[in-house]
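My request is simple: use the sequences and hints to build the entire structure.
Number of protein chains: 2
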Amino acid sequence: MIPNRPFRQPSQGARGKLLEAGVRLVREQGFSATSVDQLCAAAGVTKGAFFHHFASKEALGVALAGYWSDSTGGFFAEAPYHHHARALDRVLGYLDLRIALIGGAPEQFSCVAGTMLQESFRTSAAIRRACETSIMSNASALEADIAEALADHGLPAAMAPGLARHIQTVIQGAFILAKSQEPDESAAMAREAIGHLRRYFELLFGPATQGEA
Amino acid sequence: MIPNRPFRQPSQGARGKLLEAGVRLVREQGFSATSVDQLCAAAGVTKGAFFHHFASKEALGVALAGYWSDSTGGFFAEAPYHHHARALDRVLGYLDLRIALIGGAPEQFSCVAGTMLQESFRTSAAIRRACETSIMSNASALEADIAEALADHGLPAAMAPGLARHIQTVIQGAFILAKSQEPDESAAMAREAIGHLRRYFELLFGPATQGEA
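Heads up: the protein sequence lines correspond to chains B and X, in order.
The numbering of the first sequence is numbering that gives the first Met the number 0, which starts it at 0 and goes up by one.
The numbering of the second sequence is numbering that gives the first Met the number 0, which starts it at 0 and goes up by one.
Errors might be hidden in some of the hints.
Stretches of chain X that chain B covers, calculated by requiring three or more beta carbons in the stretch to come under 8 Å of a beta carbon on chain B [claimed, not checked]:
(1) 38 to 49
(2) 102 to 115
(3) 129 to 140
(4) 144 to 151
(5) 195 to 202
These aren't lab readings, by the way, just hints derived from the structure by calculation.
Just so you know, these numbers come straight off a predicted model, no measurement behind them.
All C-beta atoms, glycine included, are put in the ideal place defined by N, C-alpha and C.
Next up, the structure:
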């Protein structure tokens with residue numbers, strides 16, 4: 000769910016090149032419209048190499064969700080917002096980072112897992128499960144900070160998993176609204192959506208009570 | 000974005016049958032994965048009939064976004080929440096209706112326009128524009144009530160268009176999270192998301208100030 004280029008090393012072997020081609024093609028045209036031939040051409044590898052690494056296009060889709068999740072998860076795990084002392088500042092810092100990462104056309108900031116889910120949730124149980132893992136691992140990574148912020152503000156920590164999922168919900172919806180716009184207006188639409196999410200958190204936690212816990 | 004069956008008349012002619020088949024197939028497997036042959040088989044019409052009504056699969060996609068928008072828009076225009084005297088109650092009534100309409104598996108409550116946008120936003124400018132019209136007309140239909148509620152609560156009415164878009168954002172994201180789950184857990188996931196949206200509106204408008212305007 001983060002811009003493609005700055006956060007991953009250039010892929011070396013055929014497998015890595017095929018996964019990078021998958022990221023780009025799924026973002027541009029979706030998973031169903033992407034053929035094995037297109038993946039091979041974009042990666043600059045032979046069809047033999049494809050089937051050496053993946054038993055089928057579906058198998059590449061499953062691996063792609065994991066590849067996406069690992070690379071984006073690693074980026075967020077190392078992001079500076081974790082250094083804020085207060086838990087609520089870490090949560091809001093994550094949202095600010097998500098806003099900052101949105102730029103350019105939707106294919107530069109949209110989510111590979113969300114796109115594959117939209118099309119393939121019923122036609123491939125394996126892809127659905129892999130995308131569920133990708134999105135829910137992003138949500139889970141936020142739960143501890145949200146739970147601590149809830150406790151700091153006298154709110155029930157049991158709300159944390161649902162709030163973490165809601166962050167992913169709004170981000171996924173933001174990408175759909177962004178895709179509805181001309182390329183030069185897409186980023187503003189997505190940032191607006193995450194801005195509303197940030198305001199929800201501010202209202203829920205109540206800035207006036209900050210520091211009183 | 001509402002369940003298929005109860006809100007539309009059974010389709011009569013070949014055109015209507017093809018559009019109904021499009022609603023079902025796009026919800027189940029997406030637009031890219033749906034072929035003209037599948038549409039004809041599902042509609043029980045010949046390929047000749049298809050090309051009599053639509054110049055191409057893309058042309059059906061454009062018509063489908065309009066058909067979807069017209070049928071769902073008509074349903075919401077006639078819904079009972081419009082009878083609430085207070086504007087905020089009408090806005091919350093719309094959200095409650097959206098929650099009530101979610102049930103069953105995602106293909107029974109997901110959004111045809113959002114699904115087509117996710118895949119085709121870059122590969123078909125015509126489908127992107129048709130889906131933009133569909134989603135943004137749903138948003139626009141809420142603006143007057145939101146603006147009146149904002150004014151009632153001493154908030155700037157200029158926030159109305161952004162809040163109306165945010166409702167669509169969360170609904171679209173709710174469908175993605177729903178699709179990440181097993182069929183019997185999908186509806187609860189989507190309802191949770193719109194529940195957070197409802198809480199955002201309650202917090203923003205402030206229940207304590209109700210009736211004071």
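Would you check chain B against the region 102 to 115 of chain X, counting CB to CB pairs closer than 8 Å, and say if three or more residues qualify?
Per the Cβ count (5), the hint holds.
For the region 129 to 140 of chain X, count the residues whose Cβ lies under 8 Å from any Cβ of chain B; is that count three or more?
holds (count 4)
Between the region 144 to 151 of chain X and chain B, see if three or more residues pass the 8 Å beta-carbon test, and mark the coverage as holds or violated.
n = 0 at 8 Å, threshold three: violated.
Can you confirm whether chain B covers the region 195 to 202 of chain X, using C-beta to C-beta distances below 8 Å and requiring at least three such residues?
With 4 residues closer than 8 Å to chain B, the region 195 to 202 of chain X meets the three-residue bar; holds.
Count residues of the region 38 to 49 of chain X with a Cβ under 8 Å from any Cβ of chain B, then say if the count reaches three.
violated (count 0)
Violated hints, in rising order: 1, 4; the structure is consistent with all others.
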